[in-house]
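Chains as they are written, first to last, in my numbering: chain L, 15 to 206; chain Z, -4 to 203; chain A, 793 to 987; chain C, 52 to 323.
Accuracy of the hints is not assured; some may be wrong.
With a Cα cut of at most 25 Å, we get these calculated PhoX-like pairs of lysine-lysine [stated by the list, open to error]:
1. C:Lys202 to A:Lys956
2. Z:Lys68 to A:Lys888
3. A:Lys956 to C:Lys255
4. Z:Lys193 to A:Lys888
5. C:Lys199 to Z:Lys193
Keep in mind that the hints were calculated from the coordinates and are not lab data.
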Amino acid sequence: MDSARKMLTVLITTCLCAAVALCLVFVMTKDDIELKQRLKFVRAIKAVLPVEYLSKEVDIINYPLCKEDCKVCNIIYIVKEKSKVVALATEVTVKGYGGRVSVIVGVGEDNKITGLKVVQHSETPGLGANIIKDVFQRQFAGRDETIKLKKDGGNIDHVTGASVSSRAVVKCAKEGLGFIIKNRSIVNYNSG
Amino acid sequence: MHVAPFNIMTLFNEFFKGIVKENPTFRLVLGICPTLAVTTSLDNGLGMGVATTFVLVFSNMFISIVRNIVPKKVRIPIFIVIISTFVTTVELIMAAYVPDIHEALGIFIPLIVVNCIIMGRAEAFASKAQVLPAVADGLGMGIGFTMAVSIISGVREIIGSGTILGYEIMFSGYSPAVIMILPPGAFITMGLILCFFKYMGNLLGRKV
Amino acid sequence: MEKANLLAIFIAVMITNNVILSQFLGLCAYFGVSDSLRSAFSMGITVTFVIVIASAVSWFLDYYLLIPYHMEFLKTIVFILVIATLVQLIEMFIAKNIPLLQRMLGIYLPLVTTNCAVLGITLVNSNEGFNFIESLVNGLGAGLGYMLAICLMAGIRGRLMFAKVPRAMQGMPINFLIGAMMALAFFGFQGFLIK
Amino acid sequence: MWTVLVGTLILCGCGIVAGVTLVGAARVFAVKTDERVETIEALLPGANCGGCGNPSCYNYAVKLVSGEVEPNRCVLSKQESLQAIGDILGIKVEAALRRAASVCCLGGMVAAKQYEYAGMPSCRVAVLYTLGDRQCQWSCLGFGDCSKMCKFDAIYNKGRSIPFIDADKCTGCGACAAVCPKDLIKILPVGFPYVVCSTKERGKAVSKECPIGCIHCLKCVKGCPEGAIKEIGGIIKIEYSKCIQCYKCVEECPRKILKVLSTVRQEEGATA
Chain L
15 MDSARKMLTV LITTCLCAAV ALCLVFVMTK DDIELKQRLK FVRAIKAVLP
65 VEYLSKEVDI INYPLCKEDC KVCNIIYIVK EKSKVVALAT EVTVKGYGGR
115 VSVIVGVGED NKITGLKVVQ HSETPGLGAN IIKDVFQRQF AGRDETIKLK
165 KDGGNIDHVT GASVSSRAVV KCAKEGLGFI IKNRSIVNYN SG
Chain Z
-4 MHVAPFNIMT LFNEFFKGIV KENPTFRLVL GICPTLAVTT SLDNGLGMGV
46 ATTFVLVFSN MFISIVRNIV PKKVRIPIFI VIISTFVTTV ELIMAAYVPD
96 IHEALGIFIP LIVVNCIIMG RAEAFASKAQ VLPAVADGLG MGIGFTMAVS
146 IISGVREIIG SGTILGYEIM FSGYSPAVIM ILPPGAFITM GLILCFFKYM
196 GNLLGRKV
Chain A
793 MEKANLLAIF IAVMITNNVI LSQFLGLCAY FGVSDSLRSA FSMGITVTFV
843 IVIASAVSWF LDYYLLIPYH MEFLKTIVFI LVIATLVQLI EMFIAKNIPL
893 LQRMLGIYLP LVTTNCAVLG ITLVNSNEGF NFIESLVNGL GAGLGYMLAI
943 CLMAGIRGRL MFAKVPRAMQ GMPINFLIGA MMALAFFGFQ GFLIK
Chain C
52 MWTVLVGTLI LCGCGIVAGV TLVGAARVFA VKTDERVETI EALLPGANCG
102 GCGNPSCYNY AVKLVSGEVE PNRCVLSKQE SLQAIGDILG IKVEAALRRA
152 ASVCCLGGMV AAKQYEYAGM PSCRVAVLYT LGDRQCQWSC LGFGDCSKMC
202 KFDAIYNKGR SIPFIDADKC TGCGACAAVC PKDLIKILPV GFPYVVCSTK
252 ERGKAVSKEC PIGCIHCLKC VKGCPEGAIK EIGGIIKIEY SKCIQCYKCV
302 EECPRKILKV LSTVRQEEGA TA
């Protein structure tokens, strides 16, 4: 049974070395990874605010809402500039053409969309994937709940050859807007 | 275990054979999953190539070091642990310093573990060679793979989106052939490039 | 709702986002083992079998070990270790108890360890946050999708014998081009949504 | 520090569980493998040609150990290695009866045409239209599907012709026989006579379709001193266990359709 013992010893030693090495790398890179993720998040939030905030410092407060309230989104981000609430934002995920489409929607004090950014999607490259283009996303600023594609009798131009993907983004915008309007009072009340 | 003696020349040979003669992608047709999946643009392709080269060099090195103490029966689990350690290291480093490429490559970074090139080189070469030739082999194979992936992704990016590394290079009015950056385009590009190499091989072979 | 969701996952991974033709997982074996319909079928069965079991085991590890201790970065190494062990275990088990299966699948089992489809699907399960049943359904769908693609490929390659293929195209190049045609065909299934 | 500790614990735990399971399973599921199988497999040529009727050399070795088959079924092994296998198994090995593939058709392109065929150059495709373009339905179509199947380069076609089989290279694996859509290729013992025609017609019907086909005159049947040749269901059959290799039948055959395998090679069929 010597061979079995040797097998085990070698295997466990390898695992041990691997684990220690990996954990060290993890600890070393952890802060950087978190920083990069935070930066990305802040960039995404800033992208949904009016243009003048791009260079300004903003505070982002997470306001989690209970899951039962809404199936698609459950955190509202309160964006403040010098303790004045600029906008509320939330992430909405719906089904697109090739998979899920995740969108961050920003809503101003006047209950209109301040901006929108597609943060994750798996739409067809070259067609549906064009929903990430600014030309498309910029159309959403200043819209209210009546938002619709031109094709469906509204005012948003859809991305050429990808009405399903465009419709998914519009749906996100609508749901996010509705969600924020519905919960605005709670958020305002609790966060003072 | 018999280990062939080596000198500088053999080291060079080990290094260069991976680039042309035994190019892992075009000659041995190994590791085609990442070759096809992440080559939608040149920067993704390069990122994948560099990551794979890193893993290949270090896994070859360590496997060559431990080759004599590993019992035959647990060889594969141990190789896999060694390889995946380096893969995870690469994954963490990429997430920390090049998050965009990390995100674009997605699931295919962890999948370097099961890339046939790495397991294949570990089994076929590193587990039988001394450390230096193993590293040279890993480096050569890695560079060969990187070159192949860059060629494929370059072709796909130019035709499929009319850009190279994100810069527009095609004439104005060029409407990109989207199919090339979709899954079928990957197969088409790979098939035609392989065909080209085979044709050239036939031509050269006839002359000799 | 629940059932429709499961069906959506199943159809997506089997047809619309076929593991081989649109996600590019497990291509080595796809080209390597598709020279005859019989071996393609055996390979498909083996992959399906291993993916389903690996999905189940890795789900437990992920849910009860890695997530509670925030050790998600060890996912790759743990999953591949599980798969390698599992494959060897299955190999030994069927060699002892089901010799018939051993004769059919024996030579394909070692190929499955380094098949990206298996590791890929377990990673997808974990990244998408699938629950246990969803993971199983995803695994099963992926396996069947794999089988579908590889059997179709083997069927076409069988026909290829009668065709006049230019010399430079023979072997791998023509296989890739067949793959391209099949990927195009499967691409047509996209947008096949279940709401 | 906490991370390092927990991470190490988890990974080592997985490693231990994996290792213990594998070692344990290796004991629980240990299949009693006979060491002789490996030794014998090493002695076999390892070509997995299928000539012995088994899918691989390993399967053949397993069957050898269990005593199901004789060592002389392997056509590629040299006599010494067969003898070595016999020594391991403790049995006496008789010289292997060499077998080789042979096309049982002499006419081929000589047989009368039914129509001009211009389809894919493949027997398996051509046979779909009225069993080929020749009037004789047992005629070789000559596209050489069999030669493409040969792993040993033993068969080749010159244009559209009856394939030429090199009996020295042929291992008798039967890959060509399996692919022939008309079942014209038979795996037969070398050095024995065989009928190089597969027709079931007789007399004039044969002559009309092919000037060199077997007309079933049965001279060979009558001429055989051992009674080893019989006509069963329109086919001339030679019982090789009775054949004493006197080659009387070969002399008797008026059309010279009976030949001896390997000593007289099939002439290359006339091209169309």
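How the hints compare with the structure:
no.	hint	result
1	C:Lys202 to A:Lys956	holds (20 Å)
2	Z:Lys68 to A:Lys888	holds (18 Å)
3	A:Lys956 to C:Lys255	violated (40 Å)
4	Z:Lys193 to A:Lys888	violated (45 Å)
5	C:Lys199 to Z:Lys193	holds (21 Å)
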